[in-house]
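Start from the sequences, fold in the hints, and give me the full structure.
2 protein chains.
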Amino acid sequence: MSHEIKICLEPVGFVKTDAVGHEVRDKKVISEIVFREELTEALEGIEEFSHLFILFWLNKISDQSRKIMKVHPRGRNDMPLLGIFATRTPHRTNPIGLTRVKLLNVEGNVITVQGLDAFDCTPVLDIKPFDSWDTAADFKVPEWWLKLEKERTNKKE
Amino acid sequence: MSHEIKICLEPVGFVKTDAVGHEVRDKKVISEIVFREELTEALEGIEEFSHLFILFWLNKISDQSRKIMKVHPRGRNDMPLLGIFATRTPHRTNPIGLTRVKLLNVEGNVITVQGLDAFDCTPVLDIKPFDSWDTAADFKVPEWWLKLEKERTNKKE
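So the protein lines, in turn, are chains A and B.
Final position of the first sequence in the numbering used here is 165; the numbers increase by one with none missing.
Final position of the second sequence in the numbering used here is 165; the numbers increase by one with none missing.
Be careful, since some hints might not be right.
Copies of the same chain are indistinguishable here, so a pair counts whether it falls within one copy or spans any two.
Under the rule of at most 35 Å between Cα atoms (straight-line distance), these lysine-lysine pairs were calculated in the DSBU-like manner [to be verified]:
{"#": "1", "residue 1": "Lys110", "residue 2": "Lys75"}
{"#": "2", "residue 1": "Lys14", "residue 2": "Lys36"}
{"#": "3", "residue 1": "Lys14", "residue 2": "Lys155"}
{"#": "4", "residue 1": "Lys155", "residue 2": "Lys36"}
{"#": "5", "residue 1": "Lys158", "residue 2": "Lys24"}
{"#": "6", "residue 1": "Lys158", "residue 2": "Lys14"}
{"#": "7", "residue 1": "Lys68", "residue 2": "Lys155"}
{"#": "8", "residue 1": "Lys163", "residue 2": "Lys14"}
{"#": "9", "residue 1": "Lys110", "residue 2": "Lys36"}
{"#": "10", "residue 1": "Lys110", "residue 2": "Lys158"}
No lab work stands behind these hints, which were simulated from the structure alone.
In structure tokens form, the structure reads like this:
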């Protein structure tokens, strides 16, 4: 099996948002995705779904960062040192972001979504409608994940 | 905003499965993902999650198919003609597959998963742990999706 496969992509559109820095991680943030105009008709029918997956290119990640093998979640030393595939860190071999968002509006080549943790001008690679095969009723996450999540929720209250 | 961004990826591993043709769509199918050996440590800690997302490259999709704008879901003429972004068709501008799977085992650079609808030798681009941000309690899908899903369930019974 050869690893010498060339995979080349071009963005289908770009993120437009006023949120900067950590603000993008707020699940209330509303962003637009502006698609390449020639792809407008490829959006037809998407308005019937309430949620989407957005796949985007983490274009701030350097080639050097793509070689990182292990991280502390959120860069916190009180968290275990874990393989990058066991986390959602942006420092990944192939830095593709994946976020479930709420679809708010579709107008021409622009869709408006809520909960996209991507910076302004981020290249979008693909979007997919969210369906019941994407959910999981009884899923398990590690202790460290639950701890981070609890802190996040407490901070908001 | 320039669209002239070059995005280049290389596989992190490959799918290994005995399932062929339509068999891969059976959610009971068990596959392996064999990672590049140098990425073995990047898997550390993943065993604590029960479910993962697998992002893979749909390498059977031709350059011509990447220009398709609209499809009938499952190629069925009794289904509406929809923009590709409103479906999970493999005929996409950037043919990246996304499937939630159950993680069964981790051993060295090989993980065993259930429910991956990818053919043998499919290049894997990334894997991500599944967490509660990926779920959605009240999501809406179109009538055509419900109809297809009902047929699929009936067939199994």
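So, going through the hints one by one against the coordinates:
1. In this homomeric assembly, Lys110 and Lys75 come within 35 Å of each other (Cα to Cα) both inside a single copy, at 32 Å, and across copies, at 27 Å.
2. For a Cα distance limit of 35 Å, the shortest separation of Lys14 from Lys36 across copies, 31 Å, qualifies, whereas the shortest one inside one copy, 37 Å, does not.
3. When the C-alpha separation of Lys14 and Lys155 is checked against a cutoff of 35 Å, the pair qualifies neither within a copy, at 39 Å, nor between copies, at 38 Å.
4. Taking the shortest Cα distances, Lys155 and Lys36 sit within 35 Å of each other both inside one copy (22 Å) and across copies (32 Å).
5. For the identical chains of this complex, Lys158 and Lys24 are intra-copy neighbours only, at 30 Å inside a copy versus 38 Å across copies, given an alpha-carbon limit of 35 Å.
6. Proximity of Lys158 to Lys14 under the C-alpha cut-off of 35 Å is found in neither arrangement, the shortest distances being 41 Å within a copy and 39 Å between copies.
7. In this assembly of identical chains, Lys68 and Lys155 lie within 35 Å of each other by CA distance solely inside one copy; the values are 28 Å within and 42 Å between copies.
8. In this assembly of identical chains, the alpha carbons of Lys163 and Lys14 never lie at most 35 Å apart, being 44 Å within a copy and 39 Å across copies at closest.
9. In the homo-oligomer, the alpha carbons of Lys110 and Lys36 lie at most 35 Å apart both inside one protomer (10 Å) and across protomers (29 Å), since each shortest distance falls under that limit.
10. For the homomeric pair Lys110 and Lys158, the shortest alpha-carbon distances inside one copy (22 Å) and between copies (25 Å) are both at most 35 Å.
Going through the hint list in order, the structure does not satisfy hints 3, 6 and 8.
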